[in-house]
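Chains as they are written, first to last, in the working numbering: chain A, 1 to 285; chain B, 286 to 428; chain C, 429 to 574.
Bear in mind the hints are in silico, worked out from the structure with no lab data behind them.
Since we're looking at a predicted model, the values are computed, not measured.
Note that the Cβ used here is the ideal one computed from N, Cα and C, for glycine as well.
Wrong hints could be hidden among the right ones.
Said to hold, decoys possible - Reference excerpt, derived from the structure (chain A facing chain B, CB under 10 Å, subset only):
no. : residue
1   : Thr33
2   : Lys144
3   : Glu145
4   : Ser198
To be verified - Below are the DSS-like pairs computed for lysine-lysine, each with C-alpha atoms no more than 30 Å apart in a straight line:
no. : chain 1 : residue 1 : chain 2 : residue 2
5   : A       : Lys157    : A       : Lys252
6   : B       : Lys371    : A       : Lys46
7   : C       : Lys449    : B       : Lys389
8   : B       : Lys383    : A       : Lys64
9   : B       : Lys389    : A       : Lys81
10  : B       : Lys389    : C       : Lys466
11  : A       : Lys68     : B       : Lys325
12  : B       : Lys293    : C       : Lys466
13  : B       : Lys383    : A       : Lys221
14  : A       : Lys273    : B       : Lys418
15  : C       : Lys498    : B       : Lys292
16  : A       : Lys43     : B       : Lys339
17  : B       : Lys338    : A       : Lys43
18  : A       : Lys67     : B       : Lys292
19  : A       : Lys141    : C       : Lys449
20  : C       : Lys466    : A       : Lys268
21  : B       : Lys366    : C       : Lys449
22  : B       : Lys325    : C       : Lys541
23  : B       : Lys389    : B       : Lys402
24  : B       : Lys325    : A       : Lys60
25  : B       : Lys418    : A       : Lys43
26  : B       : Lys389    : A       : Lys64
27  : C       : Lys438    : B       : Lys336
28  : C       : Lys554    : B       : Lys292
29  : B       : Lys402    : C       : Lys554
30  : B       : Lys323    : C       : Lys466
31  : A       : Lys203    : B       : Lys292
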Amino acid sequence: MDKSLGVIARSVALKLIEKRPEIQLICPVLLNTGDEKYENFIKSTKVIVIDGCMTRCASKLVEKREKKPFKRIFIPDMSKKYKIKPSKELTLNEENEKLAEQIMEEISEELGKVEVKQVLKSREFEILDFFEITVDKYYFKVPKEGYYFNENDCWIKPEGKTALLGISDYLQNAAADILFVEFPEIGSEIEQFDDAGSFESSKTVLQLISPGTGKITRVNKTLENNPELMNQDPYQRGWFIEIELRDFEEDKDLLMNGPDYFEYMKEKIMKEKNHIDQIKSEKIV
Amino acid sequence: MRRLSEKKVYIIPCSGIGKVFGSIGREATYIVVNELAKGKAVLECLPLIMKGKKEVIEELKANKVITIDGCPLKCSYNDLKEVIGKVDAQFLTTDIVKENRGLKPEPSIIPIGENAKQLSRKLAEKVSAKVNKLLDGNEGANE
Amino acid sequence: MKVRTNKMKKKVGIIACSGEKLIGGTLARAAARIVVEKLRPQKTIVLCQPLFMAGGLERHGGQEERDFAKNHSTITIEGCQEECAKIAVDQYSGESAATIYIQEFLDAHPELKPKSREDLGEDGMKLAEIIAEEIAKKVDELFVSN
Numbered sequence: 001m002d003k004s005l006g007v008i009a010r011s012v013a014l015k016l017i018e019k020r021p022e023i024q025l026i027c028p029v030l031l032n033t034g035d036e037k038y039e040n041f042i043k044s045t046k047v048i049v050i051d052g053c054m055t056r057c058a059s060k061l062v063e064k065r066e067k068k069p070f071k072r073i074f075i076p077d078m079s080k081k082y083k084i085k086p087s088k089e090l091t092l093n094e095e096n097e098k099l100a101e102q103i104m105e106e107i108s109e110e111l112g113k114v115e116v117k118q119v120l121k122s123r124e125f126e127i128l129d130f131f132e133i134t135v136d137k138y139y140f141k142v143p144k145e146g147y148y149f150n151e152n153d154c155w156i157k158p159e160g161k162t163a164l165l166g167i168s169d170y171l172q173n174a175a176a177d178i179l180f181v182e183f184p185e186i187g188s189e190i191e192q193f194d195d196a197g198s199f200e201s202s203k204t205v206l207q208l209i210s211p212g213t214g215k216i217t218r219v220n221k222t223l224e225n226n227p228e229l230m231n232q233d234p235y236q237r238g239w240f241i242e243i244e245l246r247d248f249e250e251d252k253d254l255l256m257n258g259p260d261y262f263e264y265m266k267e268k269i270m271k272e273k274n275h276i277d278q279i280k281s282e283k284i285v
Numbered sequence: 286m287r288r289l290s291e292k293k294v295y296i297i298p299c300s301g302i303g304k305v306f307g308s309i310g311r312e313a314t315y316i317v318v319n320e321l322a323k324g325k326a327v328l329e330c331l332p333l334i335m336k337g338k339k340e341v342i343e344e345l346k347a348n349k350v351i352t353i354d355g356c357p358l359k360c361s362y363n364d365l366k367e368v369i370g371k372v373d374a375q376f377l378t379t380d381i382v383k384e385n386r387g388l389k390p391e392p393s394i395i396p397i398g399e400n401a402k403q404l405s406r407k408l409a410e411k412v413s414a415k416v417n418k419l420l421d422g423n424e425g426a427n428e
Numbered sequence: 429m430k431v432r433t434n435k436m437k438k439k440v441g442i443i444a445c446s447g448e449k450l451i452g453g454t455l456a457r458a459a460a461r462i463v464v465e466k467l468r469p470q471k472t473i474v475l476c477q478p479l480f481m482a483g484g485l486e487r488h489g490g491q492e493e494r495d496f497a498k499n500h501s502t503i504t505i506e507g508c509q510e511e512c513a514k515i516a517v518d519q520y521s522g523e524s525a526a527t528i529y530i531q532e533f534l535d536a537h538p539e540l541k542p543k544s545r546e547d548l549g550e551d552g553m554k555l556a557e558i559i560a561e562e563i564a565k566k567v568d569e570l571f572v573s574n
């Protein structure tokens with residue numbers, strides 16, 4: 001920000017997000033502190049870096065995270081390309097504005113050729129209220145409202161005509177650290193209780209058994225680089241797929257609401273705990 | 286102020302014993318400090334740092350620091366950021382596991398299995414390359 | 429609504445030194461795993477010391493370790509005289525019920541010299557077993573009184 005080239009770089013970024021609202025601006029100062037939200041976001045999406053001068057701060061920040069930028073913009077090179085000499089003022093005068101506009105158009109045109117559905121802002125999630133049980137040192141949570149569960153410990157959260165699907169806290173705990181995900185194809189139709197993708201941990205491979213019927217409209221691409229979100233936040237950031245619902249009222253007949261699933265889960269946990277303790281006792285004897 | 290040639294790189298593994306990933310990080314640290322970056326990299330105890338041992342903290346602030354964590358909770362990285370305010374490079378064992386899907390680590394934590402040992406070696410190679418980069422002075426800014 | 433499963437006797441938490449520089453740390457961890465996996469698996473649970481120390485901040489996830497230690501007896505295993513595990517438990521969850529000092533065992537069994545901090549070797553593992561047996565006795569005392 002102490003050079004006109006930096007001011008131009010900033011202006012390019014601001015113009016770009018105005019024209020292309022699906023693009024998210026990343027604050028380099030916050031990124032440099034190791035902000036987790038940005039760290040995760042960078043890993044999971046295409047990144048454009050815009051450097052104003054030879055110090056190339058933006059490039060360095062991204063390369064440190066071992067990420068190759070999708071596009072690099074170096075303002076001095078752009079100035080030569082468009083034959084617009086930037087003035088030295090720290091405010092955006094006519095020349096600097098013109099250069100910023102040209103650069104923005106170039107990036108926008110190139111993005112038009114690329115699948116930009118991946119470059120999305122992260123969802124905002126509401127604060128949930130949970131039922132909780134503690135067994136030894138493990139917490140198991142079930143949202144009180146809004147979620148429905150099948151007996152395979154997978155949930156569906158209807159949101160009007162669509163619904164998000166994912167796995168329960170119990171299932172993520174049983175799976176242990178999830179390392180890989182495999183999504184079903186977007187556009188494919190699934191029936192209730194069909195396999196709707198799989199996830200692999202250090203222990204095992206498990207399927208997500210769909211609690212609902214419909215067409216797959218989105219998958220949570222963030223999980224490809226950050227599958228641990230399924231462990232850390234199974235009901236929100238760890239959502240797996242989104243479907244367009246066909247007839248949720250019919251699907252609901254075979255599902256449990258939050259309170260019912262909580263009872264079901266508790267019983268399951270206690271049975272397993274007693275069973276495991278018994279096996280361990282038998283092993284010692 | 287120390288010259289770059291006098292600086293060391295401290296490796297701080299998380300040392301968790303709840304999962305095999307902590308053991309892989311620990312094993313990788315040993316390979317780096319005993320073999321691949323011997324004389325350039327040293328390890329330090331995370332609990333001692335968290336305890337606030339003054340001389341240890343001063344040393345870390347004056348040198349380069351690499352953390353190796355066993356899981357995305359990143360205890361070592363987060364703790365170091367809090368106590369000494371910087372981490373020069375960070376590694377996550379689960380990233381190595383993801384990059385080597387065919388080498389699924391055995392669940393045994395102590396001792397670790399063959400696949401886990403191989404993963405430790407791969408991680409150690411990455412870490413020691415970073416040690417050299419940090420000491421070359423090409424990467425001076427904090428993570 | 430939290431439901432506590434307190435109909436059964438409560439498990440004992442084992443927190444081993446996670447120090448890396450000395451053999452004591454390696455012995456502490458090995459002894460902890462032997463107790464939890466082999467000797468007293470249904471009476472004990474391992475608490476991860478780094479997670480325990482990092483807990484309290486939402487993103488770290490170590491709050492579960494700390495909460496467990498508040499409501500259950502804990503045994504800390506110290507690799508050296510710094511007593512990091514004991515200090516952490518006392519600070520974040522309340523006094524530990526028992527502390528095991530690895531150095532005492534090293535002094536009492538000079539014939540069982542561990543090979544190195546990286547690899548305990550046969551004698552080191554034997555020593556870890558002896559330490560684990562002592563911990564198991566403490567677990568039995570605490571488990572009954574829980």
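Evaluated hints:
1. A distance limit of 10 Å between C-beta atoms decides the matter here; for Thr33/A the minimum to chain B is near 8 Å, and the interface restraint holds.
2. At a threshold of 10 Å, the smallest CB-CB gap from Lys144/A to chain B is about 26 Å, leaving the interface hint violated.
3. Given the 10 Å rule on beta carbons, the hint for Glu145/A is violated: about 28 Å separates it from the nearest Cβ of chain B.
4. With a least beta-carbon distance of about 13 Å to chain B, the hint placing Ser198/A at the interface is violated under the 10 Å criterion.
5. Restraint check for Lys157/A and Lys252/A: the C-alpha separation of about 11 Å stays at or below 30 Å, so the hint holds.
6. As the CA atoms of Lys371/B and Lys46/A are separated by approximately 27 Å, the hinted pair is consistent with the 30 Å bound.
7. Among the hinted pairs, Lys449/C with Lys389/B is consistent with the structure: their alpha-carbon atoms are about 28 Å apart, no more than 30 Å.
8. Taken as a hint, the Lys383/B and Lys64/A pair is honoured in the structure, with Cα atoms around 19 Å apart against an allowance of 30 Å.
9. Proximity of Lys389/B to Lys81/A is assessed by CA-CA distance (about 50 Å); at most 30 Å being required, the pair is judged violated.
10. Proposed proximity of Lys389/B and Lys466/C is supported: the alpha carbons are some 24 Å apart, at most 30 Å.
11. Annotation: proposed proximity of Lys68/A to Lys325/B holds, straight-line Cα distance about 29 Å (limit 30 Å).
12. Restraint check: the Cα-Cα separation between Lys293/B and Lys466/C comes to about 40 Å, which exceeds 30 Å; the hinted pair is violated.
13. For the hint pairing Lys383/B with Lys221/A, the CA-to-CA distance comes to about 16 Å; that is within 30 Å, so the pair holds.
14. For the given pair, Lys273/A sits about 49 Å from Lys418/B by alpha-carbon distance, which is inconsistent with the 30 Å threshold.
15. Our distance criterion of 30 Å between C-alpha atoms is broken by Lys498/C and Lys292/B, whose separation comes to about 42 Å.
16. Of the pairs offered as hints, the one joining Lys43/A and Lys339/B is violated, with about 36 Å between alpha carbons and a cut-off of 30 Å exceeded.
17. Only pairs whose Cα atoms come within 30 Å are accepted, and Lys338/B paired with Lys43/A is rejected, the gap being roughly 35 Å.
18. Between Lys67/A and Lys292/B the alpha-carbon distance is near 27 Å, which keeps this suggested pair within the 30 Å criterion.
19. Taking the CA atoms of Lys141/A and Lys449/C, the gap is about 38 Å. The hint is violated against a cut of 30 Å.
20. For the given pair, Lys466/C sits about 25 Å from Lys268/A by alpha-carbon distance, which is consistent with the 30 Å threshold.
21. For the hint pairing Lys366/B with Lys449/C, the CA-to-CA distance comes to about 21 Å; that is within 30 Å, so the pair holds.
22. In summary, the hint linking Lys325/B to Lys541/C is supported, as the alpha carbons are separated by about 29 Å, within the 30 Å threshold.
23. A hinted pair counts as satisfied when its Cα atoms are at most 30 Å apart, and Lys389/B with Lys402/B qualifies at roughly 11 Å.
24. Between Lys325/B and Lys60/A the alpha-carbon distance is near 24 Å, which keeps this suggested pair within the 30 Å criterion.
25. The suggested pairing of Lys418/B with Lys43/A holds, with an alpha-carbon distance near 22 Å, which does not exceed 30 Å.
26. The hinted pair formed by Lys389/B and Lys64/A meets the criterion: a straight-line CA distance of about 27 Å does not exceed 30 Å.
27. Of the pairs offered as hints, the one joining Lys438/C and Lys336/B holds, with about 29 Å between alpha carbons and a cut-off of 30 Å not exceeded.
28. For the hint linking Lys554/C to Lys292/B, the alpha-carbon distance of about 39 Å lies beyond 30 Å, and the restraint is violated.
29. Taken as a hint, the Lys402/B and Lys554/C pair is honoured in the structure, with Cα atoms around 23 Å apart against an allowance of 30 Å.
30. At roughly 36 Å between alpha-carbon atoms, Lys323/B and Lys466/C are farther apart than 30 Å, so this suggested pair is violated.
31. For the given pair, Lys203/A sits about 41 Å from Lys292/B by alpha-carbon distance, which is inconsistent with the 30 Å threshold.
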